[in-house]
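Protein sequence lines correspond, in order, to chains A and B. Okay, so the first sequence: first residue is 1 according to this note's numbering, each after it adds one. Okay, so the second sequence: first residue is 1001 according to this note's numbering, each after it adds one.
If you are wondering where the hints come from, they were derived from the structure by calculation, not from laboratory data. This one's a predicted model, so the numbers in the text were calculated from it and none came from an experiment. Accuracy of the hints is not assured; some may be wrong.
[Claimed, not checked] With a straight-line cut-off of 30 Å between C-alpha atoms, the simulated DSSO-like cross-links for lysine-lysine are:
no., chain 1, residue 1, chain 2, residue 2
1, B, K1258, A, K426
2, A, K501, B, K1072
3, A, K347, A, K199
4, B, K1070, A, K199
5, A, K492, B, K1070
6, A, K429, B, K1370
7, B, K1258, B, K1274
8, A, K429, B, K1122
9, B, K1370, B, K1257
10, B, K1274, B, K1257
11, A, K156, B, K1219
12, B, K1072, A, K347
13, A, K347, A, K429
14, A, K347, B, K1122
15, B, K1179, B, K1122
16, B, K1122, B, K1219
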Amino acid sequence: MSAVIEEHHEEHHDHKPTGIGRWLFSTNHKDIGTMYLCFSFLMLFIGGAMALVIRAELFQPGLQFVEPEFFNQMTTLHGLIMVFGVIMPAFVGLANWMVPMMIGAPDMALPRMNNWSFWLLPGAFGILIASLVMSIMGMGSAPNFGWTFYAPLSTKYGPASTDFFIFSVHMMGISSIMGAINIIATIMNLRAPGMTYMKMPIFVWTWFITAYLLIAVMPVLAGAVTMMLTDRNFGTSFFDAAGGGDPVMFQHIFWFFGHPEVYIMILPAFGVISQIIPTFARKKIFGYSSMVYATSSIAFLSFIVWAHHMFTTGMPVTAELFFMYATMLIAVPTGVKVFNWVSTMWKGSMTFETPMLFAVAFIIMFTIGGFTGLMLAIAPADFQYHDTYFVVAHFHYVLVNGALYSIFAAVYFWLPKWTGNMYDEKLGKLHFWVSTISVNLLFFPMHFVGLAGMPRRIPDYNMQFAEFNQWATVGAFIFGFSQLILLYNIVKTVRGRRTVKATDQVWEGADGLEWTLPSPAPFHSFTTPPTVK
Amino acid sequence: MRAAIRVAGFISMMLSSSLALAEYKLDLEPGVTTFSQGAYEIHTMVMWICVAIGVVVFGAMTYAIIKHRKSKGHEAASFHDNTTLEIVWTIVPFIILGFMAVPATKVLLNMEDTSNSDMSVKITGYQWKWHYDYLGEDVSFFSNITTPDSLSLATSANVKQDETTLLDVDNRMVIPVNKKVRLLFTSNDVIHAWWVNDFGVKKDTIPGYINESWIKTDKPGVYRGQCAELCGTNHGFMPIVVEVKSEEDYLDWLAGKKAAAAEAAASAEKTWTKDELMAQGEKVYATNCGACHQASGQGIPNVFPGLVGSPIIMGDVAKHIDVIVNGVSGTAMQAFGGQLNDADIAAVVTYERNAWGNDTGDVIQPSDIKAAR
Ligand code: HEM
Ligand SMILES: [Cu+2]
Ligand SMILES: [Cu+2]
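Construct the entire structure; sequences and hints are all you get.
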């Protein structure tokens, strides 16, 4: 009863509920956004620790720290946590915070569902991590079949914990779908008067498209894991050749989800970069409408290229040609985005605060990842690259040096708006330079060992690969620990002692509704809608 | 300037010191078949096109970063679109992609053409070894890693590190030079991938499927590769070694294999002494069982059971044979019935029942296995 009264109260004043209830029962887009971001940051450290176990083992030829079986559990959980627990929740957190503020809305359209979408996540990852804890305690094995969980390794040959994994993926899927529905409902219904679709900030556009991708492909993932579940426990044989099923069908289903999934992880990043570059170039984004069309065509193409992950499965040659050509096409709209960003910088009046540094580094390193993507698209060459460290280098350039970098950029960019305090610029720059040097030391040599012939997902290797693996391990440890600088900087900014107060506009070149609100932004964004001319 | 010289000096020092080590590679190798060379050429072409585009784009960006700064007093221009430019940078990439697609298509069509082959070898992936079957020749064998010590933390340090560590097998696949060898791929359990870079062949071996590829090379030699698809615990330990020999040497090798097979078949008929069985059993155990149960028979706690004093081994012989012939379904203990002949199974059973202090004194003959199958 009292909760109801309190909620009613909030409509009029800026009173926040207090105590644990504020977070547990929150329906506020900012609080939920904060929880998503904190959760993602926590997962970054857990998944990162696993990566360091992997890199420590690969520092030298021979086995030094872990058994091959445990090594496989590390690569699997690292991949799952980074994809589903770090990148995706971080972008949902950013959307929660920024979308209502950018379109002039008071909150998300479906606030209770918003609460439920978030609170599913700790459950999902709790289950997944529990399987690892049990493995360490000597009770069976955690999932050990790679984040791509190909059948029959994950079905007939999967450890008992696979059923935990399936349940966990279902929960993540439900969470993502609800989050996506919420974002679409918010963008469609709560835009301020005058804000037509073609006036929405690019970040809102990219999330709008991403949300549709999520709704389209998360059910496909759910279908895949459900078929695994029945194969494992109820005697079906969807993926078991001996029962008339088809293990390759698993890969088609997985990648029909999986390729759009990689764009789910990069389109919001494009959005973030498209907000930051114009701000610090003090110049409008170049080619707004071509940005929107490019994003849409990338989203469309992402549905017809999935089998470029499956060139070696022995598809008919006509299918290989189709998927090769379609994949090469993605380079065109991706190129348009990069050209537009560079043109936005061209003849601007640029300054290089931390968000801009991360954004510029994003453009360069993401483009490198795009180049290797194009190389991988060439089927005959992919026979040499596939399942080697070259692919590992490719997707880390787009995901770490790309998606994660855009998240760092976004956090520095919006933190002053969120907290009302400027972050420590010196520390921000330090974080940028240490991260950028070490991340390249970490991932660039992987191109070399991959081309030289080192397969991925192996715990031990021939000594011809030793040199570059050592570089990578050194880079990994520096990169990993340099994230503590970010943690410290955020904590310091949130606490607000010895920091400078942020103005409402925060950045000199900032433009958009979110910058018209006070800093820190009030608990309820726009209670009366602003008008956009 | 002085700084630049120092940097250049440092880089050249790094380069020369690494050239001195020089066992590692930075790039793909052209390899020894038409399509490994095709793949290499197209890889090189696409890579340099990307580098060229990168130089232009990053060059423009660097120029802007240096010149168009607020701190240099640069005022922001106000343009925010340019239709001509946008059309150009949509069309030009299409044309560049066309230049890549044409040779890529050619190479791919060549790779997929397995017609008119001179001989066929069927390659089957097992957890964690390869099986080669020379179709029509009655020659088939397993190929295992030579250093089972590599597989576990406790013994890995015993392995000598050299150019072929983890890349060496007990039985090599042998093929003749200048013949088109058709390869057929399938799997006994999970998906593996057979990959030898120098041939440009990487194909998944999938249960229930038969994939095809081919090799034809004019360069005799020894070529190495590894499994390229995660296939469980010991995925990193299933190397591939292919030896390309002259036609004559190849036929000699084939005859040798046939003779050995005949000898093995004959040995299954005779009655063995305990010593013979123990000696043979130790060998069979080392190549087939030691990876999991360890040479000491101690196993790996919680993963692979130890065999010292195991109730199955100390108990009923029939149960013991059953575990080895039929495996234990749902565990890593696979069915060895199809992989080992009667003599080898008899030998390994005898060995397990008498080694490491399991002194049951039992002697099992090949005929016992035949009867038990
Ligand atoms: C220019 C655009 C891109 C192209 C043409 C491209 C192409 C490819 C191809 C052909 C593969 C398969 C390689 C193989 O396994 O042999 C691949 C793998 C991958 N790509 Fe991309 N890619 C592009 C952009 C991206 C982006 C933006 C992301 C994510 C943000 C991404 C994430 C991945 C991941 C995670 C894998 C590896 C999946 C796995 O096997 O575990 N890629 N890419
Ligand atoms: Cu893809
Ligand atoms: Cu494998």
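How the hints compare with the structure:
no.: 1; hint: B/K1258 x A/K426; result: 74 Å, violated
no.: 2; hint: A/K501 x B/K1072; result: 27 Å, holds
no.: 3; hint: A/K347 x A/K199; result: 24 Å, holds
no.: 4; hint: B/K1070 x A/K199; result: 27 Å, holds
no.: 5; hint: A/K492 x B/K1070; result: 29 Å, holds
no.: 6; hint: A/K429 x B/K1370; result: 74 Å, violated
no.: 7; hint: B/K1258 x B/K1274; result: 27 Å, holds
no.: 8; hint: A/K429 x B/K1122; result: 58 Å, violated
no.: 9; hint: B/K1370 x B/K1257; result: 23 Å, holds
no.: 10; hint: B/K1274 x B/K1257; result: 26 Å, holds
no.: 11; hint: A/K156 x B/K1219; result: 42 Å, violated
no.: 12; hint: B/K1072 x A/K347; result: 12 Å, holds
no.: 13; hint: A/K347 x A/K429; result: 24 Å, holds
no.: 14; hint: A/K347 x B/K1122; result: 63 Å, violated
no.: 15; hint: B/K1179 x B/K1122; result: 16 Å, holds
no.: 16; hint: B/K1122 x B/K1219; result: 22 Å, holds
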